[in-house]
Structures are given as C-alpha cells and as structure tokens.
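Engineer: If you read the protein sequences in the order shown, they are chains A and B.
Just so we're aligned, residue 1 is where the first sequence starts under UniProt numbering, counting upward by one.
Just so we're aligned, residue 1 is where the second sequence starts under UniProt numbering, counting upward by one.
Wrong hints could be hidden among the right ones.
Unchecked claim - In silico lysine to aspartate or glutamate, EDC-like type, Cα no more than 16 Å apart, as pairs:
(1) A:Lys47 <-> A:Glu213
(2) A:Lys320 <-> B:Glu87
(3) B:Lys45 <-> B:Asp193
(4) A:Lys320 <-> B:Glu215
(5) A:Lys132 <-> A:Glu122
(6) A:Lys361 <-> A:Glu122
(7) A:Lys175 <-> B:Glu215
(8) B:Lys203 <-> B:Asp52
(9) B:Lys238 <-> A:Glu254
(10) A:Lys320 <-> A:Glu122
(11) B:Lys45 <-> B:Asp148
(12) B:Lys238 <-> B:Glu87
(13) A:Lys361 <-> A:Glu254
(14) A:Lys175 <-> B:Asp195
(15) B:Lys203 <-> B:Glu215
Claimed, not checked - Far from chain A, by Cβ distances over 10 Å, these chain B residues were calculated:
(16) Asp42
(17) Lys45
(18) Asp52
(19) Gly58
(20) Ser65
(21) Ile68
(22) Glu71
(23) Asp170
(24) Val171
(25) Leu173
(26) Val182
(27) Pro194
(28) Ser199
(29) Glu204
(30) His205
Hints in this document: simulated from the structure, not taken from any laboratory.
Note that the Cβ used here is the ideal one computed from N, Cα and C, for glycine as well.
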Amino acid sequence: MNSMAIEVLTPRYGIAWYPWAVQYFFMIAVSYSALLLTVPGLIFGNKNYQPLAKVALLVTVTCTLVGPVALLADLHQPLRFWHFYANLNTQSWMSIGSLLLPLYLVMVLAYAWLAWRPAMQEQAQEPGWIGKLSGWISMGSWQAPRWMLVLAGLGALAFAFGIMLYTGAEVAILKSRPLWHTNWLPVMFVLTGLVAASGLVVLINRLMTGNDEEINRQGLKVIFVSMALAAIVAALWVSEGITGFSPSVEAAFESLKGNAEWRLVAIYGLAVGIVLTLATIAMLRRPGWMTRAWIAGLLAVHIGWTFRWMVLMEVQTVAKNTAGYYQYAVEAGSSGLLGIVGTFGLWLAALLIIDILVPWKKGLQAGSH
Amino acid sequence: MDKLRRALLGQIAKLTAGAALVPLSSLASAGINAQPPRREGDPSKRYAMLIDLRACIGCQACTVSCHIENEAPLGSFRTIVSQYEVEHEETGDIATFMLPRLCNHCDNPPCVPVCPVEATFQRQDGIVVVDNDVCVGCAYCVQACPYDARFINEHTQTADKCTFCAHRLDVGLLPACVESCVGGARIIGDLNDPDSQISRMMKEHYEDLMVLKPEMGTAPHVFYLGMEERFMSRPQAKPAIWDVRTQEGKEIGYEFDGH
Chain A
1 MNSMAIEVLT
11 PRYGIAWYPW
21 AVQYFFMIAV
31 SYSALLLTVP
41 GLIFGNKNYQ
51 PLAKVALLVT
61 VTCTLVGPVA
71 LLADLHQPLR
81 FWHFYANLNT
91 QSWMSIGSLL
101 LPLYLVMVLA
111 YAWLAWRPAM
121 QEQAQEPGWI
131 GKLSGWISMG
141 SWQAPRWMLV
151 LAGLGALAFA
161 FGIMLYTGAE
171 VAILKSRPLW
181 HTNWLPVMFV
191 LTGLVAASGL
201 VVLINRLMTG
211 NDEEINRQGL
221 KVIFVSMALA
231 AIVAALWVSE
241 GITGFSPSVE
251 AAFESLKGNA
261 EWRLVAIYGL
271 AVGIVLTLAT
281 IAMLRRPGWM
291 TRAWIAGLLA
301 VHIGWTFRWM
311 VLMEVQTVAK
321 NTAGYYQYAV
331 EAGSSGLLGI
341 VGTFGLWLAA
351 LLIIDILVPW
361 KKGLQAGSH
Chain B
1 MDKLRRALLG
11 QIAKLTAGAA
21 LVPLSSLASA
31 GINAQPPRRE
41 GDPSKRYAML
51 IDLRACIGCQ
61 ACTVSCHIEN
71 EAPLGSFRTI
81 VSQYEVEHEE
91 TGDIATFMLP
101 RLCNHCDNPP
111 CVPVCPVEAT
121 FQRQDGIVVV
131 DNDVCVGCAY
141 CVQACPYDAR
151 FINEHTQTAD
161 KCTFCAHRLD
171 VGLLPACVES
181 CVGGARIIGD
191 LNDPDSQISR
201 MMKEHYEDLM
211 VLKPEMGTAP
221 HVFYLGMEER
231 FMSRPQAKPA
241 IWDVRTQEGK
251 EIGYEFDGH
C-alpha cells in the first residue's frame with residue numbers, strides 16, 4: 001500500500017533500563033573476560049602469561065566488585081533486592097542471574113585472595129598499619145596449597161560461564177525487541193567483552209606496571225582475535241538476514257533505512273572496528289609501535305562500552321508499537337550521567353584501594369620501559 | 001512491508017483470534033522462560049475485550065477515565081487511543097484511523113515468565129496483574145511486552161499496567177474505559193460464558209477479528225473488529241506529534257519533556 005499514514009497521537013514511552021544497565025553489562029563482561037585472561041598464568045601456571053594474569057586479576061576483581069553495584073542501582077526499588085531470594089522464580093533468566101552473581105563474586109574474591117595471599121603474608125611482616133592489615137586479610141601464616149587456588153579459579157570460571165550465558169540470554173530471549181532477539185547477541189557480548197578487558201589490561205599495563213611488552217603483545221593478540229571473530233559473527237548475523245528470515249536483521253535494516261542517526265552510528269562502528277583491528281596488526285608487526293599499545297587499549301575499551309550503549313540504550317529508542325523513534329537524552333542525575341561517571345569513579349576507587357593494600361605487582365618485571 | 005507478508009500476517013491474526021475460541025491449553029513446556037502457573041482470580045472465567053473500531057470516535061474518554069480511575073502519573077498511560085491520519089491510495093481522501101491500545105492480557109504473556117520475583121502474574125481468569133509490594137522495579141517486564149503496555153510508575157517505582165480494572169470487575173463493575181466509552185466500542189466479558197455479549201460478538205464476527213502483533217505468538221485477548229492489517233504491527237507511518245518545531249523548522253523537543 002502506497003498511501004501515507006501519519007501518526008497523529010501516541011504517548012511517548014520512556015526508557016525502562018537506564019545507563020546503569022550499560023555499566024553493569026560492561027563491568028561484568030570485562031570482569032569475566034579478564035578472568036579468562038588469568039587462566040593460562042594462574043591456573044595452568046604458564047610462566048609466560050603470569051605478568052598478564054597479574055594485571056588481568058586486578059581488572060577482574062575491581063570490575064566484579066563494581067558491576068553488581070550498578071546492577072542494583074538500575075532497579076527502581078533497589079532496597080527490595082532481597083525479594084530476588086525471598087520470591088524465587090527460577091524460570092526467569094534474571095532470577096538465575098541473581099543466584100549466579102553473588103556466587104561468582106565470592107569465587108572471584110576467593111581466587112584473588114589465594115593468588116595475592118603469599119605477597120600479603122610477606123607484607124604482613126612489615127611494620128605499620130599496612131603490615132597489620134595485611135596480616136588480618138591473609139588470615140594467618142599457613143601456606144595455602146596450590147590446588148586451592150586452582151579450585152577457586154575453576155569455580156570462578158564455571159560461574160563466569162554462567163554469567164556469560166545469563167547476561168546474553170536475558171536480553172536475547174526478548175522477542176518484543178527484534179534487534180535483541182538473536183542468538184548472536186550473547187556471543188557478541190562475550191567477544192566485545194574480551195576486546196574491552198584486554199584493552200583495559202593494556203591500558204593499566206601502561207599506567208601502572210611500566211608498559212610491559214609481553215603483556216601488550218598478549219593483550220593485542222586477544223583484541224585482534226576477538227575483533228576478527230566479532231567480524232565473522234556480525235557477517236553471519238547479516239547473512240542470516242539475507243538468506244532467511246531474521247526479524248533481528250530486518251529490524252536493523254529498517255532502522256538504517258529510516259534513520260540517518262543509525263546510519264551514522266553503523267558507519268562509525270564499522271570504521272572504529274576496522275581501525276582497531278588494523279592498529280593491532282600494525283603494532284604486533286612493528287616492534288617499535290608496541291609501546292603505543294595503550295592507544296589500541298583505549299579504543300578497545302571504547303568499542304566494548306559503546307557496543308553495550310548502542311545495544312541496550314539506543315535500541316530502547318526504537319518504538320515497539322508506534323511509528324518512529326524516541327529521543328533519548330542522557331539526564332544529568334543519577335539515572336544518567338552521574339550514574340555513568342559514578343560507576344567509573346567507584347571502579348577507580350576500588351582500583352586505587354587495592355593498589356595501596358595489595359602488592360599485586362610482586363614478581364612482575366616490566367620487559368621494556 | 002510487501003503485500004504477501006501483510007496478507008500472511010493478516011491470516012495469522014485471524015487464526016490467532018480464532019484460536020481463543022477453542023479452549024486454550026496453557027503451554028506446558030517446562031524450562032526457562034516457561035509460564036508459571038496462574039493464581040488467584042475466578043478459574044471459571046476468561047476475561048477478554050473486543051474493541052469495535054467502527055464505533056470508536058477517538059474521543060479519548062477511555063484514556064482520561066482510566067487515568068483518573070487508576071491514578072497513573074502524568075504522561076504514562078494504561079490505555080490510549082492512537083490516532084492516524086490515512087490518505088487513501090487511489091482517491092487521495094483523508095481519513096482518521098483510531099486504535100485504542102491497552103494490555104492484551106495475552107494467553108502466553110511474555111511479561112510474566114521474565115519477572116524474577118513473580119510479582120507479575122496471570123490470574124486464573126486471564127487477567128495479568130502486578131503485585132506492587134513484591135515488584136523490585138527491574139523493568140524486565142516492560143522490555144518483554146511487545147505492546148508497550150507496561151511502564152514504570154514514577155510514583156510507586158514499580159511496574160504498572162492495565163488490569164482490565166480487576167478491582168472493579170471483582171465487585172461487578174465495568175472497567176473505567178468501558179464505562180466511559182461514548183460509542184460503546186469496548187466490550188469486556190467472559191469468553192467461557194457462551195451467552196456473554198463478547199462471546200456472541202466473537203462468534204458473529206469470527207472472520208473479521210484481528211489481534212495486534214500476532215507474529216509474537218502471545219495469543220492476545222484484546223480483539224479488534226474493523227481493524228486494518230497495516231496497523232497490526234509497528235505501523236509504517238510518519239511520526240508527527242513529536243516533531244515540535246520552531247518556525248525555522250528547528251526541532252525544539254517533545255511535548256512531555258520536563259515532566
């Protein structure tokens with residue numbers, strides 16, 4: 001039908017998930033991805049990956065601590081969080097998540113505690129309040145056998161896979177938003193999480209551990225592989241739309257066709273993705289460029305965060321039932337800008353407090369300054 | 001949307017509307033995101049609404065009376081009449097199309113299984129309600145509803161939606177929107193009672209009934225008579241009302257901005 005229809009009257013539907021959700025999805029994805037980066041060094045005990053594991057563990061712990069705070073803040077009734085446990089509905093992915101998340105947090109903390117404990121015990125011998133505090137935190141001078149660390153790590157890893165599954169499924173099962181309703185979305189969350197986590201590791205490596213070359217190389221490799229896989233996944237998603245019927249791809253094309261802003265975002269995303277991938281190749285091939293790895297790290301963090309912003313916030317501006325798009329402007333208050341900045345501020349505080357208390361760098365020799 | 005797909009959707013709409021006439025066995029498929037058992041309400045009833053669009057004049061009396069009855073915050077609506085200006089493809093004549101929207105009290109409500117605390121549930125009479133004392137305000141149900149029928153009430157900070165005015169139905173009154181409808185376009189009733197007005201009308205107009213977004217598989221229980229297929233799903237229309245512009249054509253914002 002070629003006749004024109006104009007929507008004259010319809011209410012404006014607000015945004016239901018605030019930027020807090022982006023912060024949670026970002027923090028928790030960086031957390032489980034950084035945890036994966038600790039596996040070769042800490043669980044398998046591969047010496048080549050131990051410096052990487054040390055930085056990645058710091059990223060894991062800080063993000064694991066801050067993520068749930070953002071999630072809690074996204075509830076409109078945060079003080080009712082205990083209802084999750086008093087009124088279990090294990091048919092809901094979110095409810096499953098509410099069971100997984102605290103267990104994941106406990107396992108990550110146990111893993112980090114066991115990994116940092118020998119250095120903490122050493123620090124406990126020093127005079128002053130830090131020594132005293134280290135003594136309390138390390139809970140005695142007994143030596144923890146290695147199997148405890150491995151077991152805690154494997155436990156954290158098991159829950160990490162649970163978190164990957166639930167955060168992805170929670171969004172992807174929603175038929176009501178065709179753009180979310182694709183099996184590729186959870187995969188994309190994990191891949192962009194790996195990109196962001198490696199980026200953050202490279203960035204911290206520049207700022208806190210003297211730009212170790214091996215960490216940069218390993219981080220860039222993970223970024224490259226994840227970006228390549230993400231490109232394949234994106235291609236598969238689009239080809240699913242071309243060859244068969246995928247409401248998700250159809251909705252995406254519709255938005256691109258009818259909205260100049262979406263077109264701009266798509267072009268920007270594609271461009272930044274290509275630039276980052278090419279930059280990692282260049283840096284890995286030219287040894288001199290490796291010292292600038294932090295730039296790629298910054299870009300990787302940007303991609304990981306912006307992907308979540310686009311998926312969670314911008315998709316909410318696509319009207320479900322009415323014509324057009326809603327305009328969303330980030331508010332200044334706690335449900336907007338303050339929430340975003342606050343989450344990063346809290347993360348920075350966690351990072352600095354751990355840096356003061358825990359000799360997490362111990363045994364880390366920067367390869368090149 | 002091409003013609004073929006529209007025709008197909010139209011067929012699905014009719015089929016889905018028809019499916020409500022046969023006793024629907026609730027989906028017993030167990031597992032994650034399956035429907036939890038219904039509770040409360042009269043198990044002998046199945047409430048539904050039929051909206052006769054031929055009788056709707058778009059006066060918004062339902063919108064206003066619902067707003068007053070249910071004390072929704074300003075700018076949030078449990079029901080609203082969407083209005084479209086449609087130009088005839090051949091003659092160029094202009095007509096107005098009115099589409100009252102509300103919760104569809106689906107037989108397979110996607111908002112219910114997602115609730116992490118079972119605050120939102122379906123009563124045995126088919127009405128989908130929210131227990132505001134339990135709701136944590138996670139807004140997952142708001143995301144899951146394909147009809148934008150839910151919102152977070154800024155006063156209670158919990159999920160809010162049309163309840164078919166269950167508090168009125170339970171004491172033998174009609175919902176506010178039905179009571180106030182000038183043209184008598186909204187008919188509510190019990191589908192399990194073959195003599196109810198809605199049952200008789202559904203039998204009579206069986207072929208012409210449509211539901212919104214049948215492709216979502218939600219089995220809506222708000223049926224439309226005199227519906228146009230192009231408005232069943234997200235309409236291919238130009239959004240006009242929010243284009244509040246200055247004389248120079250610069251967009252200056254939304255009507256509800258600032259609330």
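Engineer: Give a verdict on every hint.
Structural biologist: Cross-check of the supplied hints:
A threshold of 16 Å between alpha carbons decides the hint, and for Lys47 of chain A with Glu213 of chain A the separation of about 15 Å falls inside it, so the pair holds. This hinted pair does not check out: Lys320 of chain A and Glu87 of chain B have alpha carbons roughly 23 Å apart, beyond 16 Å. Distance check on the hinted pair: Lys45 of chain B and Asp193 of chain B sit about 8 Å apart at the alpha-carbon level, within 16 Å; holds. A threshold of 16 Å between alpha carbons decides the hint, and for Lys320 of chain A with Glu215 of chain B the separation of about 13 Å falls inside it, so the pair holds.
Straight-line distance between C-alpha atoms of Lys132 of chain A and Glu122 of chain A comes to about 11 Å, which keeps the hinted pair within the 16 Å bound. Simply put, Lys361 of chain A and Glu122 of chain A have alpha-carbon atoms about 13 Å apart, close enough for the 16 Å limit, and the pair holds. As the CA atoms of Lys175 of chain A and Glu215 of chain B are separated by approximately 10 Å, the hinted pair is consistent with the 16 Å bound. At most 16 Å may separate the alpha-carbon atoms for a hinted pair to count; Lys203 of chain B and Asp52 of chain B meet this at roughly 14 Å.
Under the criterion of a C-alpha separation no larger than 16 Å, the hint pairing Lys238 of chain B with Glu254 of chain A is consistent with the structure, at around 14 Å. As the CA atoms of Lys320 of chain A and Glu122 of chain A are separated by approximately 59 Å, the hinted pair breaks the 16 Å bound. A threshold of 16 Å between alpha carbons decides the hint, and for Lys45 of chain B with Asp148 of chain B the separation of about 26 Å lies outside it, so the pair is violated. Only pairs whose Cα atoms come within 16 Å are accepted, and Lys238 of chain B paired with Glu87 of chain B is accepted, the gap being roughly 12 Å.
Pair hint Lys361 of chain A plus Glu254 of chain A does not hold up; C-alpha atoms about 50 Å apart against a cutoff of 16 Å. The hinted pair formed by Lys175 of chain A and Asp195 of chain B fails the criterion: a straight-line CA distance of about 36 Å is larger than 16 Å. Between Lys203 of chain B and Glu215 of chain B, the direct Cα distance comes to roughly 23 Å. Violation of the 16 Å bound is thereby established for this hinted pair. With a cut of 10 Å on Cβ distances, Asp42 of chain B stays outside the contact zone with chain A, its closest approach being about 24 Å.
The Cβ of Lys45 of chain B lies farther than 10 Å from every Cβ of chain A, with a closest approach of about 25 Å, so its non-interface assignment holds. Here Asp52 of chain B stays apart from chain A, with its beta-carbon at least about 20 Å from theirs, past the 10 Å limit. Interface exclusion of Gly58 of chain B from chain A breaks down, the closest Cβ pair being 8 Å apart, not more than 10 Å. For Ser65 of chain B, the shortest C-beta to C-beta distance to chain A comes to about 16 Å, beyond the 10 Å cut-off, and the non-interface label holds.
With a cut of 10 Å on Cβ distances, Ile68 of chain B stays outside the contact zone with chain A, its closest approach being about 16 Å. Against chain A, the non-interface label of Glu71 of chain B holds: every CB pair exceeds 10 Å, the least being about 16 Å. No beta-carbon of chain A comes within 10 Å of the beta-carbon of Asp170 of chain B; the shortest separation is about 24 Å. Even its closest Cβ contact with chain A, about 28 Å, leaves Val171 of chain B beyond 10 Å, as expected for a residue assigned away from the interface.
With 10 Å as the threshold on Cβ separation, the claim that Leu173 of chain B sits away from chain A holds: the shortest Cβ distance comes to roughly 26 Å. The Cβ of Val182 of chain B sits about 17 Å from the closest Cβ of chain A, beyond the 10 Å cut-off, so the non-interface label holds. A cut-off of 10 Å between C-beta atoms confirms that Pro194 of chain B is not in contact with chain A; the least separation is 32 Å. With a minimum CB-CB distance of about 28 Å to chain A, Ser199 of chain B clears the 10 Å threshold, and the non-interface call stands.
Listed as outside the interface, Glu204 of chain B is consistent with that label: its C-beta sits roughly 28 Å from the nearest C-beta of chain A, beyond the 10 Å cut-off. The Cβ of His205 of chain B sits about 23 Å from the closest Cβ of chain A, beyond the 10 Å cut-off, so the non-interface label holds.
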